[in-house]
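Novice: Below are the chains, spelled out letter by letter.
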Amino acid sequence: MSAFDLIAGVLLVASALAAVTLRNAVHAGLALVGNFLVLATVYFALEAQFLGWIQIIVYAGAVMVLFLFVIMLLFDARADIGLDPLPWMRPVGAALAAVFFLALAYAFSGIGPEHPLAEIKLAGGLPGPLGRLLYGPWLYVVLLIAVLLFAATVAAVVLVQPGVRGARKKPQVAERERELEEVGR
Amino acid sequence: MLLLLIILLPLLGFVFLGLFGKQLREPAPGVIASALAGLSFLLVLSGVLTGGGEWAIEDWLPGIPFGLVLDPLSGYMGLVVTGIGFLIHVYAIGYMHGDEGFSRFFAYLNFFIAMMMTLVLAGSYPVMFIGWEGVGLASFLLIGFWYTEKVNADSARKAFITNRIGDLGFLLGMALLYSLFGTLSIGELREAIETSTVLPLALGTAGLLLFVGAVGKSAQVPLMVWLPDAMAGPTPVSALIHAATMVTAGVYLIARSSFLYANLQDVSYVIAVIGILTAAYGALSALGQWDIKKIVAYSTISQLGYMFLAVGVGAYWIALFHVMTHAFYKALLFMASGSVIHALGGEQDVRKMGGLKKYLPRTHLHGLVGALSLAGFPLLAGFWSKDAIITATLAYPFGGTGFYLAGLAVALLTAVYAMRWYVLVFLGEYKGSGQPHEAPPVMTVPNDVLAVGAVFAGFLALPEPLWNLIEPYLAPALAHVEVHHMSLALEWGLIALSAVVALAGLYLGYLAFTRWALPKWYLTFQTWSANAFYVDRVYNALIVNPLKELALVLALFDGFLDTAYIALAGVSGWLGNRLARLQTGYVRTYGALMVLGLVAVLVWGVLR
Amino acid sequence: MSYYLLLSALLFAIGLYGVLARRTAILIFMSIELMLNAANLAFVAFARNSGSLDGQAMALVVIALAAAEVAVGLGIIVAVFRARSSTSVDDLAELRG
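Chains as they are written, first to last, in my numbering: chain A, 1 to 185; chain B, 1001 to 1608; chain C, 2001 to 2097.
Please keep in mind that the hints were generated in silico from the structure rather than gathered at the bench.
Ideal placement from N, C-alpha and C gives every residue a C-beta, glycine not left out.
Careful, some of the hints might be misleading.
Unchecked claim - Selected chain B positions facing chain A (in silico; Cβ < 7 Å):
hint	residue
1	1599
2	1602
3	1603
4	1606
5	1608
Said to hold, decoys possible - Here are some chain A residues the structure puts well away from chain B; computed CB gaps all over 10 Å:
hint	residue
6	6
7	21
8	53
9	72
10	78
11	89
12	92
13	96
14	99
15	103
16	104
17	141
18	144
19	174
20	182
Just need the whole structure built from these sequences, with the hints factored in.
Specialist: Written out as C-alpha cells, the structure is:
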C-alpha cells in the first residue's frame, strides 16, 4: 500500500462520515462532492482514466450540483430538526452498518489479484479500449441505458408539473411548519 | 305409488299446517288434518280390498332397498291406525278448541300418522326404524305440547329417552340380523329363516335385541315408566298414541318378525314372562291411581302386557286381534275421560268427580261401554280378545298353565279397577266444584263410533266352531305355529270361566268402591299402588341421579377445555397485536428492517 | 487490492448508516449516492484485479443509472414537498398500523 492509497482512504472515509453526519444539508452535500473528487483520483490510480473523468464531470459536476440546487430550492438546508420519533434508529443503524462492514470485510479479506500486477494490461482505461468494449459486447446495455435515461427525463418532467396550488395542508404539516418557525425564531 | 301416498298425504298435512297453519282460522287446520287422515284410511282400505301391493326404491342404502309393502298384516294394522286416527282427529277439533297451538297440534298429529304408517307399511327393518323413530319424535312433540309447563317438557323428555334405550336394542338387533343374513328386507329374511335347516346361534340374541326395542316402545317392564308421565299431553294424544297405535308398535314388530320368534323358544318365553309381569304391574298400579287418565294409562300398560303374553306364547294373530279391540275401547276410555276433563274445565282428580252420570249422559254411556269392554264383560269386544289370549296360553306351543292362571288373575284385577274407574267418575254424588256440561257433537260422535266398535269388534274372531275372520286373513303374513287345539267342551268351559271371572270382578269392584269400608291393609296397598310401587324413585336413585352427577363432572371438564381453547385463540390475537406494531408507517423503520434482512443474509452467506 | 475492497465496504456501510439515520429525504438520497459510489469503487478494483475492462464498463453503467435515478428521485422529492411543505420522511406515516 502506497502513501497515496493511505491518504486517499483517509480522505474518502472522512468525507463520507461528514456527509452522513453534518446537520447542515449544504455542508453535507459539499462533503459528498469532496468524496466524489477523491474517488475520481482513486480511479485514475486504478487505471480507469476515462471513468475518473466521467466521475468528475457527471457525478460531482452534474448530480451533486442538482442535489445542492434542490436543497436550496426547498429551503431545506436545516436538516434533522424537531423531535425525532425514532431515537433508537441511530445506534441501531450504526450497529447494523458495523455488522455489515465486518461481514463484508471478512468476505473480501482473501481476495487478491489474479495475475501479478505487472502483467495487467488495462490500457489505462482510456476511451478507445473502453469504447470498443462498450460498443461491442456491452452494446445492448448501452442502448438500455439510453432508454432508461430517456424515461427518466420524461418522468422528471412529468413529476414536476405544476400541481394543485394552494392545497390544504395536513395537520402534521401545519404543525411542522409551526415547529420550524419556532426553531427559526 | 298408492302406498307412498298413504304416507305422503299426512306428511303433506304436517308440512302445510306447520308452515301456514298459524294463518288459518279454527277449525280449518283440524278439518284439513282430519280429511288427510281420512283419505289415508280410504287409501289403505282400497289397498286392502285390491289385494295389497308393494313399492320400493332400489339401493336406497347400499344393498338395502326402501320398500313399502301392503300385505294382510300391514293392511290390518294400517286400517286400525288410520281409522282410529281419523276419529281422534275429529274429536280433537272439539277438544283443542281455543288452544293457541291448534294448528301446531294437528300438524304434529298428521306427522304422527305419516310416521306410524311408515312403520306399518315398512318392507324392511331400516324403513320400519325410520317410522319407529318418527313416532317417538311425534310422541315427544305431542306429550310436551304445552311445553311452557316444566312438567310437560320433562315428561316428553322422559318418554323420548326411555324409548331411546329400547331403540338401541332395535339397532343392535338390526345390525346382528344384517351381519347374519346380509339383508334387512323382511321378505328376504323370512325366506332365509324359513327355508334354512340350521339356524345361526346368534339369532336368539338378535330376537332378544329386537324385543328390547319393543320393550321401550310398548312400555313393558322395565321401560314402562314413561307411559304414565305421558299423560301430561292432551287427551287426544293419549288416546291415539299411547293407547291405540304407537305403543302397539312393539307388538307389531314382533308379529312382523314372527318368522323369527316362532323358532326361538327361549326368547319367546322371556317375552311371555315380561308380558305377564307387565300386565300384573299395570293392573296393580291402576287400582290405586287418583288421576282419571293415569288409571287408564296403567290399564294400557297392563293390556299391552297381555299382548306381549300372546306373542310370547306364539299366538301372533290373537295379539293383533287384541290390538284392534284394545284400540277401540282404550281410545274410547281416554276420549270419555277427555270429555269429562273438558266438561269439568280441566279437573283430573277422580276424588273431585262423581255423579257425572246425570250431567254427561252421552259420555257416561261411552265410559260405561269402554269400562265393560276393558273388563271383559261377556260378549263385548274386550271379552273375546282377552279370553282368546288367556286360552291361548294353554293351546299354543310356548305357553303353560302358569301363564294361564296368572292371566286369569290379572283379568280379575282388570275388571275390579275398570269398575272402580266407572264408579268413581260417574256414580255417587258430585264432589267437585265446577259446572259440568256435555261435550259438543264433534267430540261425542267419534266416541259413538268407537263405542260401536268396542261392542261389536270382537265378533270378527270367535272361537270354534263359530266364524273366525281374522286368523285366516292374517295367516299368510305370520309364521305358522302348531296349535294344540283343545276339545270344544274344554274351550267353551274355559270361556265360561273367564266370563264368570270378569263378572265377579265387576261385582267385587262395584261393592268395594261403593258400599264397603276398605280395610287397613288395602289402604296401605293403595298408597303403594298410587305411587306405582315407587319404581320411579328407584330408577332415579340408581340410574338417573348418578348419570346427572356424571354429566356435571363432564361439564366441568368441558369448561376447562373451553378456557384452554379461548386462551389458545387469545395467543394468536396477542401475537397479531405485537406484529401489528411493526407497521409503524415510518419509512425508516421499513428501511431498517430491510437492512436487517440484508445483514442477516450476508452474515449467513459469509459464515457458510 | 483487498485494501480498496475494504474501503469500498466501509464506504458502503457508512452510506447504509446514512440512509437509516438521516431524516430528510434529500440527505437519505445523498447517502444512497454514497453507496452507489462505493459499489463503483469495488467494480473498478475488480477490473484492475482481473485485467479486463468489464468492471469499468459496469461502473460506467452504474454512473449513468445513478444519474437517471437522481433525476427522477429529486423530481419525486420536489413533488412531495409541494404537497406537504415538509421533506421530513417521518411525516409520511399514513400507512401506520
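Novice: State for each hint whether it applies.
Specialist: Evaluated hints:
Hint status for residue 1599 of chain B: holds, given a least beta-carbon distance of 5 Å to chain A, under 7 Å. A cut of 7 Å between beta carbons decides the hint on residue 1602 of chain B: the least distance to chain A is about 5 Å, and the hint holds. Satisfaction of the interface hint for residue 1603 of chain B is found here, the shortest Cβ-Cβ separation to chain A being roughly 5 Å, below the 7 Å cut-off. Below 7 Å, beta-carbon pairs count as interface contacts, and residue 1606 of chain B has one with chain A at about 5 Å; its hint therefore holds.
Residue-level restraint check for residue 1608 of chain B is violated (minimum Cβ-Cβ distance to chain A is 11 Å; threshold 7 Å). Its beta-carbon lying about 27 Å from the closest one in chain B, residue 6 of chain A satisfies the requirement of being farther than 10 Å from that chain. Its beta-carbon lying about 16 Å from the closest one in chain B, residue 21 of chain A satisfies the requirement of being farther than 10 Å from that chain. Annotated as non-interface, residue 53 of chain A keeps its C-beta farther than 10 Å from every C-beta of chain B; the closest such distance is 33 Å.
Non-interface status of residue 72 of chain A relative to chain B is upheld: no Cβ of that chain comes within 10 Å, the nearest being about 24 Å off. Distance check for residue 78 of chain A against chain B: the nearest CB is about 19 Å away, which clears 10 Å, and the non-interface claim stands. With 10 Å as the threshold on Cβ separation, the claim that residue 89 of chain A sits away from chain B is violated: the shortest Cβ distance comes to roughly 6 Å. Residue-level check failed: residue 92 of chain A sits 6 Å from the nearest beta carbon of chain B, not beyond 10 Å.
At roughly 5 Å from the closest C-beta of chain B, the C-beta of residue 96 of chain A falls inside 10 Å, breaking its exclusion from the interface. For residue 99 of chain A, the non-interface assignment is contradicted: its Cβ lies about 5 Å from the closest Cβ of chain B, within the 10 Å cut-off. Some Cβ of chain B comes within 10 Å of the Cβ of residue 103 of chain A; the nearest lies about 5 Å off, and the non-interface call is violated. Its closest Cβ contact with chain B, about 7 Å, brings residue 104 of chain A to no more than 10 Å, contrary to its assignment away from the interface.
Residue placement check: residue 141 of chain A keeps its beta carbon more than 10 Å from all beta carbons of chain B (closest about 25 Å). With a closest Cβ-Cβ approach of about 26 Å to chain B, residue 144 of chain A is found to remain outside the 10 Å limit, as its non-interface label requires. Every beta carbon of chain B lies more than 10 Å from that of residue 174 of chain A, the smallest distance being close to 19 Å; the non-interface claim holds. Chain B leaves residue 182 of chain A outside its interface by the beta-carbon criterion, the shortest separation being 23 Å against a cut-off of 10 Å.
When each numbered hint is compared with the structure, violations occur for hints 5, 11, 12, 13, 14, 15, 16.
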